[in-house]
Amino acid sequence: MNTVETPMYGWNTIPWKRLQRDVFKLQKRIYRASDRGDVRTVHKLQRLLMMSRSAKLLAVRRVTQDNQGKKTAGVDGVKALTPSQRLTLAKSLKVGDKAKPVRRVWIPKPGTTEQRPLGIPTVHDRALQTLVKLALEPEWEAKFEANSYGFRPGRSCHDAIEAIFSSMRSKAKYVLDADIAKCFDRINHQALLDKLQTNPKLRQQIKAWLKSGVVDNGSLFPTEQGTMQGGTISPLLANIALHGMESLIKEKYPTNKYRGFYAPQVVRYADDLVVLHESSSVVKECQDILAEWLKDMGLELKPSKTRITNTLNVTDGKPGFDFLGFNVRHYPKGETKSGRDIHGKQLGFKTIIKPSQASTQRHIRQLGEIVRSHRSGAQGILIKKLNPVIIGWSRYYSTVVSKATLNKAGHVLFSMLIAWANRRHAKTRKRKVVDKYWKITKGEDWRFQTPNGDHRLYEHETTPIRRHIKVQGRRSPYDGDWLYWSTRLGRHPEVPLRVATLLKRQRGRCRECGQFFKDVDVLEVDHILPKKWGGTDSRNNLQLLHRHCHDTKTAREFTWVE
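Sequential numbering of the sequence shown, starting at 1, is according to the numbering used here.
The reader is advised that the hints may include incorrect statements.
[Said to hold, decoys possible] Quick list of in silico lysine-lysine cross-link-like pairs, BS3-like style, CA-CA up to 25 angstroms: (1) LYS252 with LYS295; (2) LYS531 with LYS385; (3) LYS91 with LYS207; (4) LYS201 with LYS44; (5) LYS28 with LYS17; (6) LYS318 with LYS350; (7) LYS71 with LYS553; (8) LYS252 with LYS284; (9) LYS98 with LYS133; (10) LYS553 with LYS504; (11) LYS432 with LYS384.
[Unchecked claim] DEER-style ranges, computed between Cβ atoms: (12) ALA404 with SER84: 54 to 64 angstroms; (13) ALA419 with LYS250: 52 to 62 angstroms; (14) ASN217 with ARG429: 50 to 60 angstroms; (15) ARG447 with SER373: 21 to 31 angstroms; (16) GLU524 with VAL412: 24 to 34 angstroms; (17) GLY213 with GLU278: 47 to 57 angstroms; (18) GLN361 with GLY534: 43 to 53 angstroms; (19) THR501 with ARG475: 21 to 31 angstroms; (20) ALA404 with THR72: 39 to 49 angstroms; (21) ASP179 with SER373: 31 to 41 angstroms; (22) ASP537 with LYS250: 46 to 56 angstroms; (23) GLY37 with ASN217: 43 to 53 angstroms.
Worth flagging that the hints you see were computed from the coordinates, not collected in a lab.
Every residue gets a Cβ at the ideal spot worked out from N, C-alpha and C, and that includes glycine.
With these hints in hand, go ahead and build the complete structure from the sequences.
Here it is, written out as structure tokens:
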């Protein structure tokens with residue numbers, strides 16, 4: 001890769017396709033060198049990547065154009081950058097720079113009254129963190145364990161759930177359902193830096209970010225521990241800190257097929273984890289082992305969210321457990337309700353994973369709040385507010401046994417909307433009210449929609465149930481098999497149907513730059529012929545683009561108009 005500075009004439013004239021290809025080639029070499037244990041080559045390639053102009057430009061583009069929080073300012077107040085400012089920022093990136101303090105922002109935790117602290121670095125630090133992440137992530141992707149799924153490219157909550165299903169579908173298991181208390185806030189800095197085992201300059205840079213301090217309400221506070229949430233590199237550092245749990249448990253309890261003993265299964269998603277085994281004593285010992293191991297990293301298991309239960313038999317109040325919003329348990333089956341014969345022998349069970357009760361109630365409360373806040377609003381606006389919430393929640397649970405839950409949520413929402421309509425027309429006959437807001441289409445049921453049909457409510461129960469295919473073993477996007485990874489992206493349950501269709505039609509490539517889509521990319525649906533020029537919403541007039549490619553195309557169209 002060419003690391004010599006060359007003139008950069010304009011942001012939109014940069015050959016992004018070549019830059020992406022060059023950076024990925026280096027990342028793939030880092031991944032392969034790390035996989036074979038060649039530390040010297042890994043560090044050499046990482047230095048080369050962090051010095052390259054290509055990686056610096058891509059890091060700046062990701063922070064200033066692609067990220068959702070691109071317009072969030074740090075302590076210096078800088079947020080949106082012009083193209084010339086982006087070029088200047090890319091030139092100024094250098095590993096080893098001093099880090100500025102992060103700006104603390106408090107956001108509510110879903111389903112609780114607690115608040116979660118976020119630390120927003122400056123745009124310069126975010127871009128530099130992204131540059132370091134480009135070099136550091138391929139090395140650790142080759143090391144991370146197979147059943148680690150949180151904050152990793154190409155992996156999701158659904159992969160973790162499928163791993164749990166595969167582990168418990170044949171036998172009832174005891175489960176350690178655990179949560180690490182304030183994981184991001186308590187990681188021991190020295191232990192994390194020692195675990196990184198990286199070159200001195202990169203270690204110094206990461207230490208500067210960890211020790212940078214935080215500004216809260218105008219006051220500066222030191223950061224003696226933890227990796228503040230909000231930085232682009234924080235999730236990767238947290239995963240590195242927690243790496244080794246699965247290997248530790250398998251080392252303590254190795255599989256012995258001759259004796260019929262199988263190692264406990266550890267499934268971790270960020271700071272949430274479960275340990276499954278058919279022996280309760282083994283699971284209890286695993287809890288003690290993990291608690292002791294976490295102490296070295298300055299962490300501990302949260303007592304209020306840690307328990308040992310059984311997937312079939314009633315222990316600690318109820319069988320099964322909740323994980324990532326799913327309820328996982330075994331249900332007895334057989335001649336009697338308990339699933340046992342007259343001698344008390346268990347006849348069998350079936351493994352069922354469905355939306356947890358807490359998640360369902362939280363979703364229904366959210367729908368109720370939207371309906372109440374639009375009591376006097378237009379029907380079309382209400383539908384536009386409800387649809388993203390319904391679609392997102394329904395698709396998240398579309399890979400498990402969720403049909404009954406989706407039907408229930410749909411019935412509850414229907415009751416809310418009936419009350420909403422009746423309140424607006426208290427003196428009108430109920431039949432006329434229903435005819436005003438609901439339409440019956442041939443071959444379909446009642447549909448809550450505007451009179452002209454421009455806005456139609458998405459119904460929970462219309463979501464198709466499709467089984468998710470778990471990611472293979474320790475595979476990573478850095479292995480270079482883009483046919484496999486682009487196919488998986490199109491099948492992901494949280495990818496909207498329209499996007500999935502376009503992905504399949506475009507064979508996983510962006511039509512603007514020709515590059516394969518990655519799961520970290522922000523994708524946007526674009527009208528080939530813009531609506532202002534007579535374009536329609538038909539599928540033939542739609543294409544899928546990267547967000548930055550969409551911006552480039554829009555700017556080009558604006559130039560044509562001028």
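Structure-based check of each hint:
no. : hint                                   : in the structure
1   : LYS252 with LYS295                     : holds (18 angstroms)
2   : LYS531 with LYS385                     : holds (23 angstroms)
3   : LYS91 with LYS207                      : holds (23 angstroms)
4   : LYS201 with LYS44                      : holds (12 angstroms)
5   : LYS28 with LYS17                       : holds (16 angstroms)
6   : LYS318 with LYS350                     : holds (16 angstroms)
7   : LYS71 with LYS553                      : holds (21 angstroms)
8   : LYS252 with LYS284                     : holds (13 angstroms)
9   : LYS98 with LYS133                      : holds (17 angstroms)
10  : LYS553 with LYS504                     : holds (22 angstroms)
11  : LYS432 with LYS384                     : holds (23 angstroms)
12  : ALA404 with SER84: 54 to 64 angstroms  : holds (57 angstroms)
13  : ALA419 with LYS250: 52 to 62 angstroms : holds (55 angstroms)
14  : ASN217 with ARG429: 50 to 60 angstroms : holds (57 angstroms)
15  : ARG447 with SER373: 21 to 31 angstroms : holds (23 angstroms)
16  : GLU524 with VAL412: 24 to 34 angstroms : holds (33 angstroms)
17  : GLY213 with GLU278: 47 to 57 angstroms : holds (49 angstroms)
18  : GLN361 with GLY534: 43 to 53 angstroms : holds (47 angstroms)
19  : THR501 with ARG475: 21 to 31 angstroms : holds (25 angstroms)
20  : ALA404 with THR72: 39 to 49 angstroms  : holds (40 angstroms)
21  : ASP179 with SER373: 31 to 41 angstroms : holds (32 angstroms)
22  : ASP537 with LYS250: 46 to 56 angstroms : holds (52 angstroms)
23  : GLY37 with ASN217: 43 to 53 angstroms  : holds (48 angstroms)
When held up to the earlier numbered hints, the structure conflicts with none and fits them all.
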